[in-house]
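Order-wise, the sequence lines are chains L and X.
Taking the numbering used here, the leading residue of the first sequence gets 912, the next gets one more, and so forth.
Taking the numbering used here, the leading residue of the second sequence gets 773, the next gets one more, and so forth.
Just so you know, the hints here were simulated from the structure itself, not pulled from any lab data.
All figures in this text were calculated on a predicted structure; none of them were measured in a lab.
Don't take every hint at face value.
[Claimed, not checked] Which residues of chain L face chain X? A partial, calculated answer using Cβ under 7 angstroms:
id : residue
1  : Gly-947
2  : Ala-958
3  : Leu-959
4  : Asp-960
5  : Val-1043
6  : Glu-1044
7  : Ala-1088
8  : Ser-1140
9  : Arg-1182
We treat Cβ as the ideally placed atom computed from N, Cα and C, and that holds for glycine.
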Amino acid sequence: MAWLVVLLPAGCAFSPGDPWGRLEASLEVDMVPSPGRQDASGRLITALDYRVRIDSMTVQGGELEVLGTSGGGGEATTAFDPAHPPEGYTLCHGGHCHTTDGRLVPYEEITGASTGASEQTWQRIPWQQTSVEVPVGGRATVPLGLCPEDCALPEGSLTRVQVALDGVALEGQVFDARTGESRRLPEEGVPFRGTVTGSVQVRTVLSEAVGPGHPLRVPLAVTLSIPESLLDRVDFASLPQDGDFRDLAGASSSIREALAAGMTVQGEVVR
Amino acid sequence: MHRHFHRWVIALWSVVVGSTEPGCSHSGGSASDLGAMETGHDHEGEVLSEACEHMAEGPAQEVRASPTGDPGAPSVATPHTRFDATLVAVDGGQGGDLSYAVSRAGLLWVALSKDVPLQITREVDGQSLTSEEVVAGPGTGCDEVAWAAAYPVEVGTVRIRLGPTPQTQVSLVLELEAE
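Just chain L, same shape as in the assembly (with noise of 0.2 angstroms):
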């Protein structure tokens, strides 16, 4: 009987020793620009009229961080009224609010930070292999590291995935698409490359079940998409030579914000 005791506040689901759930979380990494956002090339169209041929990308990471609820219930739930912004929150409209730091954030991801009295870190995750290549218009497997705790999952509900990147490296070739007295490069283009540092993170809301009446096994797909806006901002012809390439670490500001304001995360359950 005594053993009985000592094993129901485990949570034991299905079988002795068994969590309520076993966390199997792959993770992908894209950069797929849409259509208009390459010329006939295949070069990248920036903001900035350059024409981009990468050659070579690789993102640097990282960690993937998996947050959830406790419990059957109970968690506080406030209810978002745009009119009434969560503290640290100014002007809401239109599907998003302004930060007091200048960001912008959609309603849904205000409404699973104002829910998340209770949520905690479930697994965090450090990417096994730190450089993977991403080929531009596709995507790469990362493969991940163990998973602490053999990815045991408390009962309760999934409720945010998380990925943070680290940096990202990048070579190629830049062309300059304006003409005449407004041509910056030479034609021919000149040569890039450079690695760009510091951690950005990226988080999606989840709702899933864990526990009681679901399935063990909870296999979690998460994609990271790098923005087609990366180097929009970076004004190639303004950047200091190293040797003969133009060294893109003098853009770093620039890579960084756009990673921090386009880069997105999907995840998704699927059973």
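Following the hints, complete the assembly by docking chain X onto the known chain L.
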């Protein structure tokens, strides 16, 4: 369908009011060229509502227009922001250039606080853009916006040319309605 109807109304208005004016299908112009129009387009209403809100409440940034043709025209690409532009001396009065780096193809709405002439050109080839929609007077939905025009844009930088005008200052709100 609705947008086509709106264009038809604008075209009809041009004919009725007078073909001597630049009219609504124009590459440059001002509210006084256009008169007051009503609009019923849903997206247009949302964009104008947002423009009105930011024109009245900010957040605001000050910017000084560069002389006409200057390659270093200052950027007004920060979204959801009112730019209070100081105009400089140009041929025929006050005016100057600003720039906007477009990250997504769509309709770029430019709302102005005063009846100041406006012309949009692409930096990549100097081509002047023709406004697809124009709203002025009561049609803007607020007193703070004198007139607004929408320009179809692709990814790339556009130059926003203001003036000539007797005005020395004008405020702008730019909203990109992405495709």
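Please name the hints from earlier in the document that this structure breaks, with their numbers sorted from lowest to highest.
Hints 5, 6 and 9 not satisfied by this model.
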